[in-house]
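**Student:** Which chain is which? The protein sequence lines are V and D, in order. If you read the first sequence in numbering that gives the first Met the number 0, its first letter stands for residue 0, the second for the next number, and so on. If you read the second sequence in numbering that gives the first Met the number 0, its first letter stands for residue 0, the second for the next number, and so on.
Among the clues, some could well be false.
Claimed, not checked - One side only, chain D facing chain V, incomplete, derived with CB under 7 Å:
1. Asp171
2. Gly173
3. Lys183
4. Ser196
Keep in mind that the hints were calculated from the coordinates and are not lab data. Glycine included, every Cβ here is placed at the ideal spot set by N, Cα and C.
Number of protein chains: 2
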Amino acid sequence: MNQLEVCFSPELIHLHELEGKIVVVVDIFRATSTMVAALANGIEEIETFADLETCRTMKQKGYLIAGERNGQTVEGFDLGNSPVALLDNSFSGQKLAMTTTNGTLAISKSEGASEILIGAFPNLSATVKYIQNQKKDVLIHCAGWKGRFNLEDSLYAGALAKALESTHESSDDGAMAMKSLFEKEGHQLKKYLSQASHAKRLQNHGIEKDIDFCLTFDLYELVGKVEGQVLRAIFL
Amino acid sequence: MNQLEVCFSPELIHLHELEGKIVVVVDIFRATSTMVAALANGIEEIETFADLETCRTMKQKGYLIAGERNGQTVEGFDLGNSPVALLDNSFSGQKLAMTTTNGTLAISKSEGASEILIGAFPNLSATVKYIQNQKKDVLIHCAGWKGRFNLEDSLYAGALAKALESTHESSDDGAMAMKSLFEKEGHQLKKYLSQASHAKRLQNHGIEKDIDFCLTFDLYELVGKVEGQVLRAIFL
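Take the sequences, apply the hints, and build the full model.
**Tutor:** Here's what the structure looks like:
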């Protein structure tokens with residue numbers, strides 16, 4: 000069996016060994032869900048940036064630029080962080096530069112891993128299939144919310160731990176706990192998460208459709224993989 | 000309703016506001032369980048120390064000294080970190096100086112709170128009763144394991160969140176998650192935790208009786224409260 004562990008915050012990632020592992024970065028509401036939506040709808044590649052101003056300069060290089068802070072689209076950007084805005088293939092063939100509150104940080108702090116993938120519910124089973132072909136240990140790196148534990152990223156970790164249990168043992172307490180929690184609450188994910196702090200914040204922004212999308216399983220047969228600074232799709 | 004939140008590691012405590020809150024520090028295996036056992040068996044007061052050598056100097060001041068590192072009693076110390084060693088009142092009337100891997104750090108990092116309590120299963124209901132008389136917000140500060148999430152401290156947080164739910168709303172995602180997990184696994188705590196990383200480590204040290212004690216509910220009607228550097232019992 001390979002091993003699977005969970006890190007609940009980029010502020011704790013220094014306590015984990017990354018070398019040789021597949022790190023799955025997850026920021027369900029909404030960065031990594033948006034990335035998966037973009038790749039499934041024709042975006043050729045995505046670059047992520049920790050700060051807004053660097054991201055903004057990518058406009059001149061012909062990129063679409065997407066950025067949110069605290070759940071709102073930044074002025075002057077083409078897009079915010081809404082997966083639904085990307086669903087009709089209208090940006091097909093373009094390159095996307097994006098920056099978000101938590102997700103970009105988690106990606107940049109995953110450097111040193113053997114592979115870095117992007118996790119989201121709409122491509123969960125594809126990610127499982129890809130990982131099971133690699134035969135490596137897995138670390139799920141939750142982006143969290145301003146450094147703190149959040150429920151939607153952690154429950155994705157539980158869902159992935161559960162889906163991988165035939166090949167990957169939940170080897171730390173975080174993985175065990177979240178696998179149990181997903182077993183209990185996974186059948187009513189949207190209802191359960193509606194009480195979570197970040198979902199409440201998003202509801203205030205009126206983006207019900209985004210939440211529905213982010214919590215839908217297995218729409219796409221693709222994996223999102225970061226190489227160097229660039230995220231691309233691997234179509235299975 | 001008052002609010003209740005959970006911090007899973009001393010490495011994340013800077014992300015939480017402590018002022019005005021009751022902070023409950025929890026290190027189930029075994030520091031805070033041992034503290035509660037000590038206070039219930041006649042130890043008059045306990046001082047905690049982050050480092051071994053300062054703790055050792057307390058011997059000359061007439062204190063019993065207790066210390067473990069990585070689950071083992073330190074050479075030259077009267078006691079390790081076993082609650083069972085304190086159960087027969089044989090140290091009644093004495094003062095105890097102790098240092099442990101994770102628990103002491105969590106206590107020292109809780110400074111600034113309105114009150115600091117020590118949490119353990121053997122005095123859970125007493126702690127609930129005391130908190131409900133104070134009408135303050137609660138933050139449960141899990142000692143964790145070398146900075147990482149651990150299951151036994153987090154499940155205690157879930158148990159306390161559950162027991163306080165008539166007066167305290169689980170106001171962050173950590174509290175929500177752990178309350179759910181305790182609802183699922185609380186009826187078989189020992190069996191469930193036997194898979195946890197730290198319990199496995201402890202089993203290797205042959206301290207089954209300590210584990211049983213640490214997971215027993217409501218033996219004592221006392222609360223452990225830290226004031227200044229000193230922990231004393233409040234008998235209800």
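**Student:** Look at each hint and say if it fits the structure.
**Tutor:** Going through the hints against the structure:
1. Asp171: holds, 6 Å
2. Gly173: Cβ of D/Gly173 sits 5 Å from chain V, so the hint holds.
3. Lys183: At 5 Å from the nearest chain V Cβ, D/Lys183 passes the 7 Å test, so the hint holds.
4. Ser196: Given a least distance of 5 Å, the restraint on D/Ser196 holds.
Figure legend: structure checked against the earlier numbered hints; every hint is met.
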